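Q: One letter stands for each residue in the lines below.
2 protein chains.
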Amino acid sequence: MTAPDPAGFHPAWLPPEAFRAIGSRRVLVFGDGLLAETVHDEVARACARFGGRVRRGAENEPHDLVLALTTVEVLPGVAGEVRPDSATGAEGYLLARRDGVTVVLADDPAGLLYGLFHVVRLGESAFTGERPAEHHRPATRRRMLDHWDNVDVHPVMGQVERGYAGGSIFWHDGAPRGDLARVRAYGRLLAACGINAVAVNNVNVHATEARLLTDRLSDVAAIADVLRPYGIRVHLSVNFASPVALGGLPTADPLDEEVRKWWAGVTERVYDTIPDFGGYVVKADSEGQPGPFAYGRDHADGANLLAEALEPFGGVVHWRAFVYNHRQDWRDRATDRARAAYDHFAPLDGRFRDNVILQVKHGPIDFQVREPVSPVIAAMPATRLAVELQVTQEYTGQQRHVCYLAPMWREVLGFRPWGPDGDAVADVIDGGDLVGVSNVGDDPYWTGHPLAQANLYAFGRLAWAPRSDPAAILDEWIDLTFVPTASGDTEPAATGEIERLRRTLHAIMDDSWRTYERYTAPLGVGFMVRPGHHYGPDVDGYEYTPWGTYHFADRDGVGVDRTRATGTGFTGQYPPPWSEVYESLDRCPDELLLFFHHVPYGHVLHSGSTVIQHVYDTHFAGAEQVEQARRRWVEAAGLFDPSLHARVKELLDEQVRCAEEWRDQINAYFFRKSGVPDVRGRRIP
Amino acid sequence: MTAPDPAGFHPAWLPPEAFRAIGSRRVLVFGDGLLAETVHDEVARACARFGGRVRRGAENEPHDLVLALTTVEVLPGVAGEVRPDSATGAEGYLLARRDGVTVVLADDPAGLLYGLFHVVRLGESAFTGERPAEHHRPATRRRMLDHWDNVDVHPVMGQVERGYAGGSIFWHDGAPRGDLARVRAYGRLLAACGINAVAVNNVNVHATEARLLTDRLSDVAAIADVLRPYGIRVHLSVNFASPVALGGLPTADPLDEEVRKWWAGVTERVYDTIPDFGGYVVKADSEGQPGPFAYGRDHADGANLLAEALEPFGGVVHWRAFVYNHRQDWRDRATDRARAAYDHFAPLDGRFRDNVILQVKHGPIDFQVREPVSPVIAAMPATRLAVELQVTQEYTGQQRHVCYLAPMWREVLGFRPWGPDGDAVADVIDGGDLVGVSNVGDDPYWTGHPLAQANLYAFGRLAWAPRSDPAAILDEWIDLTFVPTASGDTEPAATGEIERLRRTLHAIMDDSWRTYERYTAPLGVGFMVRPGHHYGPDVDGYEYTPWGTYHFADRDGVGVDRTRATGTGFTGQYPPPWSEVYESLDRCPDELLLFFHHVPYGHVLHSGSTVIQHVYDTHFAGAEQVEQARRRWVEAAGLFDPSLHARVKELLDEQVRCAEEWRDQINAYFFRKSGVPDVRGRRIP
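Those protein sequences? They're chains A and B, same order as listed. Residue numbering for the first sequence follows our numbering, beginning at 21 and increasing consecutively. Residue numbering for the second sequence follows our numbering, beginning at 21 and increasing consecutively.
Note that these hints are calculated values from the structure, not bench results. Any given hint could be a false lead.
[As the list claims (entries may be wrong)] A few chain B residues that face chain A, going by a derived Cβ cut-off under 8 angstroms, partial list only:
| no. | residue |
| --- | --- |
| 1 | Arg351 |
| 2 | Val559 |
| 3 | Asp574 |
| 4 | Asp576 |
| 5 | Asp684 |
| 6 | Lys693 |
| 7 | Gly695 |
| 8 | Pro705 |
Since we're looking at a predicted model, the values are computed, not measured. Even glycine gets a Cβ: it sits at the ideal position worked out from N, Cα and C.
Model the full assembly from the supplied sequences, consistent with the hints where possible.
A: Shown next, in the form of structure tokens:
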């Protein structure tokens, strides 16, 4: 991995060296149109650097790689006998190698682009031996990043809400940044990991951001123009009260005829300006945002209003299910925030229009390091669902801690809400949407922590293929990002060096999510972070607040009773077998125990440890693992660009400090409360 | 009390009606100079309103009131036989009534002004019967308000740090406000309660504020010009690093010759511009402010540097003793913030120049609702000391809660650090300084909460006469503020109405400090406030932070062991008998128990209650008393100006809500931790 280049940003997983294999070959590109141009230009740039050559159209000359649209008549012999045995489908492609020629065929120009990046990932191995035809298709139709970027700097949240990588790549202090080169580079990186949709502003839509829909639409169009060549559509977060705020109407009532007309007219103008506009993203009646409740309407009324306006143009509404009472009285133990999304939305199943996509956070609370999968995902068979993941590390170390999130996401996607014989979450969103909250900013490394680039990459790759192995994705990312340049910018690295580099990164990253879990809130109980910024520990920080995130620790025990028998009844929102598994103190998985049950400190886990001893053990272990990660990193100094190495080292220092702070606060808190000493006699302050 | 007048601010304790008695009399004023002019103008304005008349000089005509400087030859008969039997001293005056003439005599024009306000306070009773000669002199030489006002709006602290009454009356968004009428009115109010010095900017001196010393000195001079007619000198908070930041020197080392010259030159220019400038206020080596430690020097070196520069002009340095480690490791139980001021300063006793005034917060921590008196006050016999009180209600309800602070201050001033036969704190500062952090802002009522005006008034009156009775001061304040206008602007109120009004305010205010104590942090343990803004409860908010303010509650007990026997040894900073009283679990006063001792929840107080039951009882009682105060206020609606009544009612609603929140959080916290039920079976959430 190199240092940021003179353009001011780091190449991430597309350093020039990643194109060496293609760039040193003879390449034919067949096909016309914007995305085929992109493919050609990518190849041409690589060839200019590494001595290969690229030709357009059906020239009959020696070649090593063919990238062709199936709609184009390709001369026999050019692609050998390679033919798709079925349609590749939108965005899909066929990859094969026969008789010394590597072939990528696609029905659709986007497929050609994704096929190109597949060849990039393969590197030299794309050009050796034979390769039987493989059909590749994305599992999901929309692989989308939501940017929580504000146009105006928000007085509390700043330029990017929950952003840990500097300013926004789109906006600066009320205006577009203007630096479209960076947006273009971003689009290229996204295409290379399979992302095809971006929402360009925060779901909390304040006054200035609201105007992107109308008089500032040209700012959005400028971004769309730059992302379009990489097959990425732009979406816009809109304010539900726009008819009042922007349109001067007396109401935003979704059943009001004038309101419907207003949205229809505004939406038509959006499509006049941006013909491939993706649609609207809406956070309504949530944490202070306006919504249909103000007019006595429900969320189906609200979502359908916008869907109706978008329908003629093929646009969609992403309607967020993150709706709960954020002014709860902490004294009220009957209200359970975990229940809120299901209680609000499950009764509406079947009432949403076809182009409404209900966007559901993966867990019932809010992107904690460990949550059960949201029961909403299993509750709405007649509704199109998107699952929302948080790539930005709000609750997982804020891009100051190494926390490779793909293993968590893979668990979510592989979870089977109806039990072992039923569908997985990945099946529910098959052909649908996976949405991630972006973790990039104007930081030179894009993501603050250089290793957090892997989360962005992995999000895209999992959205494309939700059953991928996180360790394999990490290998891909390592190979693209570090291997071409491990020992310098020009020569491939030595094999031994590459192996050491790979082992170092796997040792630091593979288990980093579980490590983070070990030193933070235990056993699924969640939160325990400092209110407001959400960084670092504060066990009681949210315990007596209106936010609905409690742990109920007392001198005898800890955890939230969400059973039907004696608690809030949240377990009843799951279908069997999980409704029974979570209900049962015996069967509930250890890692979610305190999410579902309030137990005495002496309760014995399946692991054989008591809850209190588990707290001590995991916190000592987690902090020690971070210390080990730092040692590994220090030992690997020679394998990385020095400035990148120094930056990660500095961040690991902070992670060690913070993990020890977590360890000591959590342990001290529970020791003071329980009075139970550590059986191993370690020091608890 | 009337509503704010058309000038935009409320008359507070100087409504026009308060001058009715004087204004309807025949008055002679003898004396020349600025302050005598002020006296004359005050009387003239009153007479214009109420039909009396005022004459200058020795005119021989019938008169009811004479205000005369003793330096002026007064015609025999004008003052009758009234003569001072000794010098009145600076700011002192003699008051008498003989043969139908009320006489005020003073050696010094300031005394004449204070005498005038004494007659204002007396009202009609100044003009009835005979009154033997009374000599009045302020106990303290300097009665000073420190404004923590920023010139620039601070991104976190705002325009006024710990200000709860809107913006600054001096500064707005980087510039002087320009509204000198308001500053003039402020000076008049201060003179009427005896204050004679004001520091016009925050002790945390940021970049813009630092420049008040040099290129923005004219901003300070403009304030000085307006306050001078009321006998008030201005002081300036300065940044210790000014020689570097403003002077371009390579160092601010107090022993560096160039640094000394720089301060001498700058100070000379200050006095060229403001000949009666009071001096500098310095917060050094504290909470991030620069200081002598950076150069390996101590606080005596630092303070003496500035004192030397000020000495030729009669100026003083207020050097704050609020120095402690605000980056303490919470795991370190040996470090005790309470010890810090003594540990830093006591060894320096005798090393400060004569014009250094060491400014000591009244308690060892930071203006908590209950603290012991700072041991520094008894530890530095060879140093001039100022005691610092906090009129702004940072930790006592932030001017949203009624909390009349005079009873707390009176306890501090009456405390005898050397035991019952020794001097009181009031004796230590006799002839010296009492300093308060101002509670005013650009709010129409000056202080946010209209009843918080009483704290400002009482501060001035206690600074003048530290042995005053807080209830008597409250009566004065009520009589000036409310009585003249209780039933309208023009006619004196009916006696019955006045009595009801007085009873209402005493019922709400007399015990309000103890009420506040009851529903907040118990038994002297302190803090338990929300970090940052310090409003509302958060029991563990500071428990695991670097700020040094801990309670160490665990399942068995609570409190900080500051004994010599087993704790931090802080008790040893007191002289006997307090070193023994505080050391002893048996003798330590209940209200300070948890400040000095860590005790089990079952520990029995002198009151006969256990600690845990005391916590429950006081919290239920405190919240109930606030509810009672609200009832009293509602019942008294007809006695007050409606808009003022409505504002106080709204604030009392918030106080009720907040007191219940405190009650429930504190009780729940300790119930969860101790497991001890309330013996009275009340609901603890």
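Q: Now tell me, hint by hint, if it's right for this structure.
A: Consistency of the hints with the structure:
1. Arg351: 4 angstroms, holds
2. Val559: 7 angstroms, holds
3. Asp574: Since the shortest Cβ distance to chain A is 4 angstroms, the answer is holds.
4. Asp576: 7 angstroms, holds
5. Asp684: 6 angstroms, holds
6. Lys693: Where the cut-off is 8 angstroms and the nearest Cβ of chain A is about 6 angstroms from B/Lys693, the hint holds.
7. Gly695: 5 angstroms, holds
8. Pro705: For B/Pro705, the interface hint holds, since the closest Cβ of chain A sits about 4 angstroms away, which is under 8 angstroms.
No hint from the list above goes unmet by this structure.
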